[in-house]
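Residue numbers (this note's numbering), protein chains in the order written: chain E, 12 to 525; chain V, 12 to 525.
In case anyone wonders, no lab produced these hints; they're calculated from the structure.
Careful: at least some of the hints might be erroneous.
It does not matter which identical chain is used: a pair holds within one copy or between any two.
Said to hold, decoys possible - Derived pair list, reagent style BS3-like, types lysine-lysine, alpha-carbon separation capped at 25 Å:
#, residue 1, residue 2
1, K496, K172
2, K50, K464
3, K50, K172
4, K50, K151
5, K28, K50
6, K149, K322
7, K496, K44
8, K69, K28
9, K418, K50
10, K418, K69
11, K496, K257
12, K44, K69
13, K172, K44
14, K322, K282
15, K149, K172
16, K462, K53
17, K53, K464
18, K53, K418
19, K322, K464
Number of protein chains: 2
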Amino acid sequence: MKNVLGREIPERLAERKLRLFEGAFATTPSGRKADRPQKVVKLGENKVLSSIEQAIEKTGLSDGMTISFHHSFRQGDRLVNRVIDTCARMGIKDLRIFPTALFPVHEPLIRHIENGVITRIEGSMNGPVGAFVSQGGKLKDPAVLRSHGGRWRAVEAGDVKIDVAFIGAPQADPYGNANGINGKTPCGPISFSAVDAMYAERTVVVTNDLAPYPVYPFEIQQGWTDYVVVVDEIGDPDSIASGTLKITRSPTRLRIARLAADAVVASGYLKDGFNFQGGAGGISLAATKFVGEEMAKGGVVAGFAMGGGTKLIVDMLHQGTVRTILDGQAFDLAAIASLRDDPNHVLMDPGHYANYDSRGCSTYMLDAAFLGATEVDLDFNVNVNTHSDGLLLHGIGGHQDVASGSKMTVITIPTLRGRLPVIVDRVTTVTTPGEVVDVIVTERGLAVNPKRKDLAERFQGAGLPVRTLEEIKQEAGGFTQPPRKPIFGDEVIALVEWRDGTIIDTVRRVVGWE
Amino acid sequence: MKNVLGREIPERLAERKLRLFEGAFATTPSGRKADRPQKVVKLGENKVLSSIEQAIEKTGLSDGMTISFHHSFRQGDRLVNRVIDTCARMGIKDLRIFPTALFPVHEPLIRHIENGVITRIEGSMNGPVGAFVSQGGKLKDPAVLRSHGGRWRAVEAGDVKIDVAFIGAPQADPYGNANGINGKTPCGPISFSAVDAMYAERTVVVTNDLAPYPVYPFEIQQGWTDYVVVVDEIGDPDSIASGTLKITRSPTRLRIARLAADAVVASGYLKDGFNFQGGAGGISLAATKFVGEEMAKGGVVAGFAMGGGTKLIVDMLHQGTVRTILDGQAFDLAAIASLRDDPNHVLMDPGHYANYDSRGCSTYMLDAAFLGATEVDLDFNVNVNTHSDGLLLHGIGGHQDVASGSKMTVITIPTLRGRLPVIVDRVTTVTTPGEVVDVIVTERGLAVNPKRKDLAERFQGAGLPVRTLEEIKQEAGGFTQPPRKPIFGDEVIALVEWRDGTIIDTVRRVVGWE
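One chain only, chain E, in its complex shape (with noise of 0.2 Å):
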């Protein structure tokens, strides 16, 4: 079957059918969501658990079973290998682990995928584990990958049932109420798996700060919560930030960055109540901040700047350029600080901020984003998930969510990687359609979709560099060497959702490179 993108995607995966993506808002669902299990905790029974193997074998965790984690301590996570050890050291198989994303720190995993214990993944795989499943025959079925709003999506949906949840919570009290931005090595919100908790047939909360009952904010109710179990780590809060956050010192990203300010600037949206993503890459602080001074300078006051916080968007929001701050998830401790202490700045889960199968987003209220890519193409597709190598290397993350939702979507991109061009005919893998990507800003212009006549106009009336994409594209392709090109498998290693549960493309398994 192919989809409206020419994307061929195969009928099932297991059990489930599998829908065709039609356009980023072409699904109305209706019936049902996914019903919820009907628990109870009576009075005097106590939750807390000296161990993770005590926490398995209570739970009943066996062979067969999808096991969940956030990710909210990225490369600083303890928890996923963990409990994945000490499954294997138990004797358990077959598990379908269902992580919001996994990191570089997690590539003991493969060895897990080797001997079995772990068949099956879906979530975001950053790095060696998606590298690793690239290679093929690794799983039983394709990698499912899904956005921060797809993954709230599908558990509510009923597409993946999750027998345990295992969430690390940098604090928790004895009856399972738990955050993220408390205790010893706060990680920032932890909401992510706020789903996995209502959802799940059992949810464990793992600890390293039980403190005294109550602990609060809820981001994890107690009445969720079937166990807490208290250990000595679960993850290193210095490694959150992964590296991404230092604002870009090369002189062509701060250029790209300068431009795609200066199309905010242009757009017409900068008033006023003008609400913005931040992001986190290099290119996207910058612009950022480019954006931030330009609101300080014409007295413009956001209405909302939406997360993963940053200490950059806390400045604004402490300097009242700001009045708000939706996030949910922290990329810096100055935003977990933020997160604790100032009341506008707002915890928010995936579920309100990105979930398709709901009476809205607060994505739907953007303004205007800046969002990366590893490749975009003359249709404005955009891929983030594999590189031109053919290899499955990163996540969805909000991509989607964020560029569907934004009444101007910027994507922020070189135009060479190295030697490689990031502007090609036809991306890898489509991650997010060009239907919702409004404008291409690169070191050589900027380029608007044809669908955007007014943005084009007013770009062209402030003087801005507007080009086609071919044109960047062929200017571009004087300095650019051509890319390695992959020899694809016939076996789908990875399906990429859109976010509203259909199959927008798949990953193939790179058998080799010309």
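Take the given structure of chain E and dock chain V to it, following the hints.
For chain V alone, kept in the frame of chain E given last:
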């Protein structure tokens, strides 16, 4: 059928097969909760409507449907009457209303019961509507009374399916985020309606203060809201208090409060981390004040105080006698201000606080609670719904939830009201079973449930006047005038649910008095 307390219970309520009460924690639910509607609002859709009429049209509200409301404005509510008047004007009839509670201000609903606009009521009835229903022959099915937690449970379990939820919101944004602690006329938490918003087929937020996006805290979320109606008035916050908030000045009642406080001191529970429920009745307030003084004297810091929030416990929070307030409703404006300004005054929805069908309630963490009664009997059963004249005049509130959770549940009552006895052989209606009542404190001494020999010994050791309920009853008997005994008809006019969804008692029609 008779339940374990010997109370006669009908087998069915319309299509719903009734379950008999078997004990406070006898029920172990399994299976699944009810499913929620799968609905989307897509990018760019507008939710704002300009009138209740328009909301009724848009939601398709029609004959036979169930509509719900919260009671956070209490006696100041302006929404319920207005919605029902509008329905009546539009020719809609046969409605089942599902308010959290009705107050005397809702007396105009009687006309709508008489003319068939309202044919069923599930919800607390404080005052005239209850008295009217007590006459019999007014409703198609018996009314159903539930506790705060019991109502939440009933929605989640699918016992009550809501067609349209109307949620009065002192502040809302155009996307349907709303709360009760901000805005022009704040009424305190409106999270009673959160479960309605999540489960109703259609959710309508009605506000008199439409503020720029985003409005937070998110008591009601955009993702649950179909429409936002802007009107000029939803309620009068000056009427929230309903006159319940004065510390008693009656010497008899002060004596009861003093003795209740002394019992807490003697109980052994009053140490660091002590958790208590304050209450808002005159005796409870005084008892709370006395306990607070003991805590301050002894340097004891409470873990949490549970609201209804009052200035009294807010003062304790600010003085450092209480670490946290967990609050589901506000009884005065000081509590609302504190909810807004103090991060340790924490909003809590009734699901968190009291839902039996959850993995644990906040009430289960209580050490002590002061509660009232209209009658108690020699088995320690408590009635808060009817008076000895048989009329249904009060709701359950959190009585069942708190009594069943607290380690030491203290009922504070005078032995006489006017010349009517409060301690009786058998309560007219059982709201809360004796098995969860520990101590009954009167101006003639205190009685301890025989199950709690430990407490009786401690009280005796502290020199408190421990007596049997029989003794107290007999002594008071010398001053009473036999109550005007109601003559009950066969018709069951109301069912009293225990918090687990079983039926603990019924209320019958009053056909006259002996």
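### Message
Treating 25 Å as the Cα threshold, decide for K418 and K69: within, between, both or neither.
### Response
neither (48 Å within a copy, 27 Å between copies)
### Message
I want to check one pair: K496 and K172. Are their C-alpha atoms no more than 25 Å apart within a copy, between two copies, both, or neither?
### Response
Answer is neither; intra-copy 37 Å and inter-copy 57 Å both fail.
### Query
Should K496 paired with K44 be assigned to within, between, both, or neither, using CA atoms and 25 Å as the limit?
Neither. Shortest intra-copy (43 Å) and inter-copy (51 Å) distances fail the 25 Å Cα cut-off.
### Query
Should K418 paired with K50 be assigned to within, between, both, or neither, using CA atoms and 25 Å as the limit?
between (43 Å within a copy, 23 Å between copies)
### Query
For the identical chains here, do K53 and K464 meet the 25 Å Cα criterion within one copy, between copies, both, or neither?
between (62 Å within a copy, 23 Å between copies)
### Message
Regarding K496 and K257, is the shortest C-alpha distance of 25 Å or less found within a copy, between copies, in both, or in neither?
### Response
neither (31 Å within a copy, 80 Å between copies)
### Task
At 25 Å max between alpha carbons, let me know whether K172 reaches K44 within a copy, between copies, both or neither.
Both: 12 Å inside a chain and 15 Å across chains, each within 25 Å.
### Task
Give the relationship of K149 and K172 under a CA distance limit of 25 Å: within one copy only, between copies only, both, or neither.
within (22 Å within a copy, 47 Å between copies)
### Query
For the identical chains here, do K28 and K50 meet the 25 Å Cα criterion within one copy, between copies, both, or neither?
Intra 30 Å, inter 21 Å, cutoff 25 Å: inter-copy only.
### 25 Å Cα threshold - placement of K53 relative to K462
This pair counts as between: shortest inter-copy Cα distance 19 Å, intra-copy 58 Å.
### Query
How do K50 and K151 come out at 25 Å by Cα distance, when the copy is not named: within, between, both, or neither?
This pair counts as neither: shortest intra-copy Cα distance 32 Å, inter-copy 33 Å.
### Query
Quick one: K322 to K464, C-alpha cut-off 25 Å, is that within a copy, between copies, both, or neither?
neither (35 Å within a copy, 59 Å between copies)
When each numbered hint is compared with the structure, violations occur for hints 1, 2, 4, 6, 7, 8, 10, 11 and 19.
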